[in-house]
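J.: Protein chains in written order, with the working numbering: chain A, 2 to 115; chain B, 2 to 119.
Possibly wrong hints are sitting among the right ones.
[Unchecked claim] With a cut-off of at most 35 Å between alpha-carbon atoms, the simulated DSBU-like pairs for lysine-lysine come out as follows:
hint : chain 1 : residue 1 : chain 2 : residue 2
1    : A       : K71       : B       : K71
2    : B       : K17       : A       : K72
3    : B       : K17       : A       : K58
4    : B       : K74       : B       : K17
5    : A       : K84       : A       : K58
6    : A       : K10       : B       : K17
It is worth saying that the hints were derived from the structure and are not from the lab.
Note that this is a predicted model, so its numbers are computed, not measured.
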Amino acid sequence: DGGITQSPKYLFRKEGQNVTLSCEQNLNHDAMYWYRQDPGQGLRLIYYSQIVNDFQKGDIAEGYSVSREKKESFPLTVTSAQKNPTAFYLCASKGRDGGSYEQYFGPGTRLTVT
Amino acid sequence: AQKITQTQPGMFVQEKEAVTLDCTYDTSDPSYGLFWYKQPSSGEMIFLIYQGSYDQQNATEGRYSLNFQKARKSANLVISASQLGDSAMYFCAMREGLSSGSARQLTFGSGTQLTVLP
Numbered sequence: 002d003g004g005i006t007q008s009p010k011y012l013f014r015k016e017g018q019n020v021t022l023s024c025e026q027n028l029n030h031d032a033m034y035w036y037r038q039d040p041g042q043g044l045r046l047i048y049y050s051q052i053v054n055d056f057q058k059g060d061i062a063e064g065y066s067v068s069r070e071k072k073e074s075f076p077l078t079v080t081s082a083q084k085n086p087t088a089f090y091l092c093a094s095k096g097r098d099g100g101s102y103e104q105y106f107g108p109g110t111r112l113t114v115t
Numbered sequence: 002a003q004k005i006t007q008t009q010p011g012m013f014v015q016e017k018e019a020v021t022l023d024c025t026y027d028t029s030d031p032s033y034g035l036f037w038y039k040q041p042s043s044g045e046m047i048f049l050i051y052q053g054s055y056d057q058q059n060a061t062e063g064r065y066s067l068n069f070q071k072a073r074k075s076a077n078l079v080i081s082a083s084q085l086g087d088s089a090m091y092f093c094a095m096r097e098g099l100s101s102g103s104a105r106q107l108t109f110g111s112g113t114q115l116t117v118l119p
């Protein structure tokens with residue numbers, strides 16, 4: 002089945018450690034996105050990528066880094082510089098406009114940093 | 002200024018009744034799209050319905066319909082015949098610049114927690 006996978010579902014890290022969240026899609030979508038969600042709030046964009054080897058900062062990129070070496074994969078690294086990393090992280094992808102405009106989301110990774 | 006405003010943090014509805022979830026938006030772009038997503042307690046975001054700014058008719062998808070009032074800049078979600086499985090967080094979102102063809106982000110509201118009562 003086509004879709005977006007994120008692993009792991011739950012992740013625990015000690016403060017000061019970098020951690021990488023995985024996002025893989027087999028929908029053949031060009032664009033991919035990373036969002037952060039805090040309890041009781043909406044989603045905020047961290048980074049997005051329109052095409053392989055290209056990515057743009059979103060509204061809250063500080064303390065995060067990404068790479069897009071393959072069309073299918075868009076990993077997010079939460080660095081030690083991110084002051085409040087504990088959150089729910091959602092990855093999404095979107096096909097080319099003209100078909101549908103909606104973004105498809107993965108199941109999310111819940112990161113807890115202590 | 003908030004681009005997407007959802008003024009109802011929580012809503013209750015009786016099973017089998019209809020419910021309206023409010024959403025107002027702010028944009029000066031003539032080409033935009035409005036989306037509603039459902040987020041159950043498990044966390045995944047489920048796409049429900051889409052309305053383009055140039056669409057003449059209100060969008061409908063099964064029990065979901067979008068009451069689009071362009072002059073008022075509102076895009077309320079109507080769920081008919083509520084079911085217990087409809088209990089979830091609902092988010093309104095907007096994407097501006099549809100005509101540019103770029104991978105513009107979605108801007109989300111803060112959400113409405115809907116609880117369907119048996």
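J.: With reference to the structure, classify each hint as holding or not holding.
T.: Quick rundown of the hints versus the structure:
1. A/K71 / B/K71: At roughly 40 Å apart (the allowed maximum being 35 Å), B/K71 and A/K71 break the hint.
2. B/K17 / A/K72: Not OK: B/K17 and A/K72 at ~44 Å, beyond 35 Å, violated.
3. B/K17 / A/K58: violated, 44 Å
4. B/K74 / B/K17: holds, 29 Å
5. A/K84 / A/K58: Cα-Cα ~17 Å, so holds.
6. A/K10 / B/K17: holds, 34 Å
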